Amino acid sequence: EAQVTQNPRYLITVTGKKLTVTCSQNMNHEYMSWYRQDPGLGLRQIYYSMNVEVTDKGDVPEGYKVSRKEKRNFPLILESPSPNQTSLYFCASSLSGTFLSNQPQHFGDGTRLSIL
Amino acid sequence: DQQVKQNSPSLSVQEGRISILNCDYTNSMFDYFLWYKKYPAEGPTFLISISSIKDKNEDGRFTVFLNKSAKHLSLHIVPSQPGDSAVYFCAVTNAGGTSYGKLTFGQGTILTVHP
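As you go down the protein sequences, you meet chains A and B in turn.
So for the first sequence, our numbering puts the first residue at 1; every next one is plus one.
So for the second sequence, our numbering puts the first residue at 1; every next one is plus one.
Source of the hints: derived by calculation from the structure; they are not laboratory data.
Don't take every hint at face value.
Claimed, not checked - Derived contacts from chain B toward chain A, CB cut-off under 7 Å, selection only:
hint	residue
1	Tyr39
2	Phe46
3	Pro82
To be verified - Below, a list of computed lysine-lysine pairs in the DSBU-like style, where the Cα atoms sit at most 35 Å apart:
hint	chain 1	residue 1	chain 2	residue 2
4	B	Lys56	A	Lys69
5	B	Lys37	B	Lys102
6	A	Lys18	B	Lys37
7	B	Lys68	A	Lys57
8	A	Lys57	B	Lys71
9	B	Lys54	B	Lys5
10	A	Lys57	B	Lys56
11	A	Lys57	B	Lys37
12	A	Lys65	B	Lys56
13	B	Lys54	B	Lys102
14	B	Lys37	A	Lys65
15	A	Lys69	B	Lys37
16	A	Lys65	B	Lys71
17	A	Lys17	B	Lys102
18	B	Lys71	B	Lys102
19	B	Lys54	B	Lys71
20	A	Lys18	B	Lys5
21	A	Lys69	B	Lys102
22	B	Lys54	A	Lys57
23	A	Lys71	B	Lys37
24	B	Lys102	A	Lys71
25	B	Lys102	A	Lys65
26	B	Lys37	B	Lys68
27	A	Lys18	B	Lys102
28	B	Lys56	B	Lys68
29	A	Lys17	B	Lys37
30	A	Lys57	B	Lys5
31	A	Lys71	B	Lys5
32	B	Lys5	B	Lys56
33	B	Lys54	A	Lys71
Stated by the list, open to error - Derived DEER-like restraints, expressed as beta-carbon distance ranges:
hint	chain 1	residue 1	chain 2	residue 2	range
34	A	Lys71	B	Pro115	40 to 50 Å
35	B	Gln14	A	Thr13	36 to 46 Å
36	A	Arg9	B	Thr112	25 to 35 Å
37	B	Gly16	A	Thr13	42 to 52 Å
In this text the structure is predicted, and so the values were computed from the model without any measurement.
Glycine is no exception: its CB is placed at the ideal position from the N, C-alpha and C atoms.
Chain A with its partners taken away, still in its complex shape (with noise of 0.2 Å):
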């Protein structure tokens, strides 16, 4: 079955500890992008992915890393985080980044992280 599978759904941690947030992809996309989702908001896009290697700053990539050195993966890195990193995080990929009707995104479920 085509998916996006992030891990962990739920995390519950502290201000400073470091965390992953993984994502994989078994459809051989070349683009992969990460984003949050807060209440009233709406989704706004973290850093992306064009293809192994090469990845690009989205509207809100302050306290977040990403590396993509295979391209199934695109770990999101949260060296120190902080309660406004609260939220609800989503991964997605598509055959390409030009968003075509015929070369969907396809979204994870999401990962609620709690930082207290």
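Start from chain A and add chain B according to the hints.
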């Protein structure tokens, strides 16, 4: 500064009637526009899109209209069904420009369709 705005946080309609969801954007460089639908506890799913060279795109019960001069797009759902109850996000991109791969979303509108 929000480049994409969905000014209605929620919309309630009766089953069988038309649902109209609206979205405004500020940057005329955006050239591709999308709508996503999101159910609770799931990721968003792509619904329909439109290029700036068109003013209308239809897919079954869903039609997206684009008014470039007003920097406004809308999603029409006819007829509305209870299963359409979800959060709807519009999203915009500049597919032909330097921000290739960047996608900007609106705040979302919660649609509730009553039986």
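Against the structure, the hints:
1. About 10 Å separates the beta-carbon of B/Tyr39 from the nearest beta-carbon of chain A, more than 7 Å, and the hint is not met.
2. Hint status for B/Phe46 relative to chain A: holds, with the closest Cβ pair at about 4 Å, below 7 Å.
3. For B/Pro82, the interface hint is violated, since its Cβ never comes within 7 Å of a Cβ in chain A; the closest pair sits about 22 Å apart.
4. Only pairs whose Cα atoms come within 35 Å are accepted, and B/Lys56 paired with A/Lys69 is rejected, the gap being roughly 40 Å.
5. Under the criterion of a C-alpha separation no larger than 35 Å, the hint pairing B/Lys37 with B/Lys102 is consistent with the structure, at around 19 Å.
6. Pair hint A/Lys18 plus B/Lys37 holds up; C-alpha atoms about 32 Å apart against a cutoff of 35 Å.
7. The straight-line distance between the Cα atoms of B/Lys68 and A/Lys57 is roughly 27 Å, inside the 35 Å bound, and the hint therefore holds.
8. Between A/Lys57 and B/Lys71 the alpha-carbon distance is near 25 Å, which keeps this suggested pair within the 35 Å criterion.
9. In summary, the hint linking B/Lys54 to B/Lys5 is supported, as the alpha carbons are separated by about 21 Å, within the 35 Å threshold.
10. Using a Cα cut-off of 35 Å, the hinted pair A/Lys57 and B/Lys56 holds, with the two alpha carbons roughly 32 Å apart.
11. Note on A/Lys57 and B/Lys37: the hinted pairing holds, with a Cα-Cα distance of about 25 Å set against a maximum of 35 Å.
12. Distance hint between A/Lys65 and B/Lys56 is unfulfilled; the C-alpha atoms sit about 39 Å from each other, more than 35 Å.
13. The suggested pairing of B/Lys54 with B/Lys102 holds, with an alpha-carbon distance near 21 Å, which does not exceed 35 Å.
14. Our distance criterion of 35 Å between C-alpha atoms is met by B/Lys37 and A/Lys65, whose separation comes to about 28 Å.
15. As the CA atoms of A/Lys69 and B/Lys37 are separated by approximately 31 Å, the hinted pair is consistent with the 35 Å bound.
16. For the suggested pair A/Lys65 and B/Lys71, the alpha carbons sit about 34 Å apart, so the restraint of at most 35 Å is met.
17. Distance check on the hinted pair: A/Lys17 and B/Lys102 sit about 29 Å apart at the alpha-carbon level, within 35 Å; holds.
18. Of the supplied pair hints, the one linking B/Lys71 and B/Lys102 holds, its CA atoms being roughly 19 Å apart against a limit of 35 Å.
19. Of the pairs offered as hints, the one joining B/Lys54 and B/Lys71 holds, with about 13 Å between alpha carbons and a cut-off of 35 Å not exceeded.
20. For the hint linking A/Lys18 to B/Lys5, the alpha-carbon distance of about 34 Å falls within 35 Å, and the restraint holds.
21. As the CA atoms of A/Lys69 and B/Lys102 are separated by approximately 20 Å, the hinted pair is consistent with the 35 Å bound.
22. A threshold of 35 Å between alpha carbons decides the hint, and for B/Lys54 with A/Lys57 the separation of about 30 Å falls inside it, so the pair holds.
23. Simply put, A/Lys71 and B/Lys37 have alpha-carbon atoms about 27 Å apart, close enough for the 35 Å limit, and the pair holds.
24. Simply put, B/Lys102 and A/Lys71 have alpha-carbon atoms about 19 Å apart, close enough for the 35 Å limit, and the pair holds.
25. For the proposed pair B/Lys102 and A/Lys65, the alpha carbon gap of about 17 Å is at most 35 Å, so the pair holds.
26. For the suggested pair B/Lys37 and B/Lys68, the alpha carbons sit about 23 Å apart, so the restraint of at most 35 Å is met.
27. Distance restraint check for A/Lys18 and B/Lys102: the Cα-Cα separation of roughly 27 Å lies within the 35 Å cut-off, and the hinted pair is therefore satisfied.
28. Using a Cα cut-off of 35 Å, the hinted pair B/Lys56 and B/Lys68 holds, with the two alpha carbons roughly 11 Å apart.
29. Restraint check: the Cα-Cα separation between A/Lys17 and B/Lys37 comes to about 34 Å, which is no more than 35 Å; the hinted pair holds.
30. Restraint check for A/Lys57 and B/Lys5: satisfied, since their Cα atoms lie roughly 21 Å apart, inside the 35 Å limit.
31. Distance hint between A/Lys71 and B/Lys5 is fulfilled; the C-alpha atoms sit about 33 Å from each other, no more than 35 Å.
32. For the given pair, B/Lys5 sits about 20 Å from B/Lys56 by alpha-carbon distance, which is consistent with the 35 Å threshold.
33. Of the supplied pair hints, the one linking B/Lys54 and A/Lys71 holds, its CA atoms being roughly 34 Å apart against a limit of 35 Å.
34. A/Lys71 and B/Pro115 have their C-beta atoms about 45 Å apart, which keeps the hinted 40 to 50 Å range intact.
35. Checked against the hint of 36 to 46 Å, the C-beta distance between B/Gln14 and A/Thr13 comes to roughly 44 Å, which is consistent with it.
36. Checking the proposed 25 to 35 Å range against A/Arg9 and B/Thr112 shows it holds: the Cβ atoms sit about 26 Å from each other.
37. At roughly 47 Å, the beta-carbon separation of B/Gly16 and A/Thr13 lies within the given 42 to 52 Å, and the hint holds.
Violated hints for the displayed structure, listed by number in ascending order: 1, 3, 4, 12.
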